[in-house]
Amino acid sequence: MKNFIEELQWRGMLHDSMPGTEEHLLEEMRSAYVGFDPTADSLHIGNLVPIMLLAHYQRCGHRPIALVGGATGMIGDPSGKSSERNLLDETTLRHNQECVKAQLGHFLDFSSDEQNAAILVNNYDWMKNISFLEFIRDVGKHITVNYMMSKDSVKNRISSESSEGMSFTEFTYQMVQGYDFLHLFQNMETTLQMGGSDQWGNITTGTELIRRIGNGKGYAITCPLITKSDGSKFGKSEGGNVWLDAKRTSAYKFYQYWLNTSDEDAEKYIKIFTFLDQETINSLIEEHKVAPHERVLQKRLGEEVTNLVHGNEEYEKAIAASNILFGNSTSDDLKSLDEQTFLDVFDGVPQATVTAADIAEGLDMIGALAAKTNFLKSNSDARRALNENAVSVNKEKVDENFVITAKDLIADKYVLLQRGKKSYFLLSVE
RNA sequence: GGGGAGAUACUCAAGCGGCCAACGAGGGCGGACUGUAACUCCGCUGACUACGUCUUCGCAGGUUCGAAUCCUGCUCUCCCCA
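Quick note on numbering: the first sequence equals residues 1 to 430 in this note's numbering.
FYI, nobody ran anything at the bench for these hints, they're computed from the structure. A virtual CB, placed ideally from N, CA and C, is assigned to each residue, including glycine. Wrong hints could be hidden among the right ones.
What the hints assert, rightly or not - Calculated pairs, SDA-like style, for lysine to any residue (alpha carbon to alpha carbon, straight line, at most 25 Å):
{"#": "1", "residue 1": "Lys-413", "residue 2": "Phe-346"}
{"#": "2", "residue 1": "Lys-299", "residue 2": "Ser-237"}
{"#": "3", "residue 1": "Lys-395", "residue 2": "Tyr-424"}
{"#": "4", "residue 1": "Lys-253", "residue 2": "Glu-264"}
{"#": "5", "residue 1": "Lys-395", "residue 2": "Leu-325"}
{"#": "6", "residue 1": "Lys-233", "residue 2": "Ile-272"}
{"#": "7", "residue 1": "Lys-247", "residue 2": "Glu-303"}
{"#": "8", "residue 1": "Lys-233", "residue 2": "Ser-197"}
{"#": "9", "residue 1": "Lys-228", "residue 2": "Tyr-257"}
{"#": "10", "residue 1": "Lys-233", "residue 2": "Lys-395"}
{"#": "11", "residue 1": "Lys-155", "residue 2": "Thr-144"}
{"#": "12", "residue 1": "Lys-228", "residue 2": "Glu-287"}
{"#": "13", "residue 1": "Lys-141", "residue 2": "Ile-130"}
Claimed, not checked - Computed spacing ranges between beta-carbons, pair by pair:
{"#": "14", "residue 1": "Phe-168", "residue 2": "Glu-388", "range": "53 to 61 Å"}
{"#": "15", "residue 1": "Leu-343", "residue 2": "Ser-112", "range": "36 to 44 Å"}
{"#": "16", "residue 1": "Asp-16", "residue 2": "Asn-187", "range": "22 to 30 Å"}
{"#": "17", "residue 1": "Gln-340", "residue 2": "Met-149", "range": "56 to 64 Å"}
{"#": "18", "residue 1": "Asp-16", "residue 2": "Glu-90", "range": "28 to 36 Å"}
{"#": "19", "residue 1": "Ser-131", "residue 2": "Asp-347", "range": "45 to 53 Å"}
{"#": "20", "residue 1": "Ser-262", "residue 2": "Thr-341", "range": "29 to 37 Å"}
{"#": "21", "residue 1": "Gly-216", "residue 2": "Thr-144", "range": "15 to 23 Å"}
{"#": "22", "residue 1": "Ser-150", "residue 2": "Lys-128", "range": "24 to 32 Å"}
{"#": "23", "residue 1": "Met-149", "residue 2": "Asp-16", "range": "16 to 24 Å"}
{"#": "24", "residue 1": "Glu-189", "residue 2": "Asp-89", "range": "29 to 37 Å"}
Could you put the whole structure together from the sequences, leaning on the hints where they help?
Here it is as structure tokens:
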């Protein structure tokens, strides 16, 4: 049995644990669970930390259980929230659960014959049949309101004067989540719950229930909330959340997110989000310090995580796309791409169409940037960009007098426009 | 209820009869540099049929050759006294 706690410690993934947890885990194979909120039909990289907790857990020889919060998702966790949550209906939740399940399969081994194969459960399955009366009689009786009120998640909501208060529903959340732990303890020998450090309060309600009702002992491990060194929120890019689903965040953008992490964060993240061992990571860090501009850390981090989430084929494509967009690729390189690759690379770039006649006549730059396409918000904006020497056609800088004609078409129907280095626009001809 | 201050572009904030599409700062965007970074430097940042024209300074009227600037009314915000 590999020492899970030690593993978490050097990776910087241990925030807090209940006394005795380490010994408990070293004795024999144990089952632990982490809950996931099915609030969307995809997980995002913020969920990656608890996922990695489970994945490392399984690699240490223990049995990970992923709990999809169908029931708890209907209530809404008040932790860290300043206002009442919106509730989702059952159909949406069911759909989301299916999607989340598929994504977790990339990280956890659900199908092996080993004793520690991962298991997926949905708390809706056991919560749905419990009546309100049963619950308050059999479970509620054992926990005092005083105890519940002492939790930070509750205190913060009822004490802050600006808030609208807290509904009974949300107040009950910790009981429902705590009951999950009790249920898993009694039915699946689950003795450990893990989660982000904001979940500590909810988890201890669970261990309390296990002590009082289950006559047993439950353990808890929390991991730190992931931060970014510049203070912005982890897992957000300009486009919003960075999702694990390629339909929401393309593999290319996903890779780019990791590649763009700061040096300081990359050191932290590579420990958390990859399975690389300590020795490998240390030598990578050393290598990075010698030549920071090579960004070996960021590249390796991006490689590992993208491979894990999207697979090797998608990773290779992301690299290819990155080279075209940021490497020294020329107009000729662009024109040599076949249509499918070209579209893959520029997936998600704003597009507009112009007619073949426009091209035949020769399309002026104002028309291409604004008048006919609305890529930029006004003709003035387009003129400004041209004056700033910011506009490129097929990666070559052009001025206001440039006219797009048939010779500029890629794959006979596309023209790649750029304003500055980072904003691309794709013009296609019909 | 009484008294006072104010509302200006994405934000903060000057301007107080013509020289105002409106100082300055922040932000945003672009250029040089660079590691697809940080720092630094430079430029741009109302629109258009663009060396000119048009619409903007809480809203609606008015005075004037001419108003963001003066007058009247309205709406909203803040402060002080009761």
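Here is how each hint holds up against the structure:
1. Lys-413 - Phe-346: Roughly 14 Å between the alpha carbons, so the hint for Lys-413 and Phe-346 holds.
2. Lys-299 - Ser-237: holds (18 Å)
3. Lys-395 - Tyr-424: holds (10 Å)
4. Lys-253 - Glu-264: holds (21 Å)
5. Lys-395 - Leu-325: holds (9 Å)
6. Lys-233 - Ile-272: holds (17 Å)
7. Lys-247 - Glu-303: Judged against 25 Å, a Cα distance of about 19 Å means the pair holds.
8. Lys-233 - Ser-197: holds (16 Å)
9. Lys-228 - Tyr-257: holds (12 Å)
10. Lys-233 - Lys-395: violated (33 Å)
11. Lys-155 - Thr-144: Between Lys-155 and Thr-144 the Cα gap is close to 15 Å, so the pair holds against 25 Å.
12. Lys-228 - Glu-287: holds (22 Å)
13. Lys-141 - Ile-130: Holds - the C-alpha atoms of Ile-130 and Lys-141 are around 15 Å apart, at most 25 Å.
14. Phe-168 - Glu-388: 53 to 61 Å: About 58 Å separates the Cβ atoms of Phe-168 and Glu-388, which means 53 to 61 Å holds.
15. Leu-343 - Ser-112: 36 to 44 Å: The hint (36 to 44 Å, Cβ to Cβ) holds, given that Leu-343 and Ser-112 are roughly 38 Å apart.
16. Asp-16 - Asn-187: 22 to 30 Å: With Cβ atoms ~26 Å apart, the hint holds.
17. Gln-340 - Met-149: 56 to 64 Å: holds (60 Å)
18. Asp-16 - Glu-90: 28 to 36 Å: For Asp-16 and Glu-90 the Cβ distance comes to about 34 Å; the hint holds.
19. Ser-131 - Asp-347: 45 to 53 Å: holds (50 Å)
20. Ser-262 - Thr-341: 29 to 37 Å: holds (31 Å)
21. Gly-216 - Thr-144: 15 to 23 Å: holds (20 Å)
22. Ser-150 - Lys-128: 24 to 32 Å: holds (30 Å)
23. Met-149 - Asp-16: 16 to 24 Å: Distance hint for Met-149, Asp-16 holds at roughly 21 Å.
24. Glu-189 - Asp-89: 29 to 37 Å: holds (33 Å)
Comparing the model with each earlier hint shows a violation of hint 10 alone; every other hint is respected.
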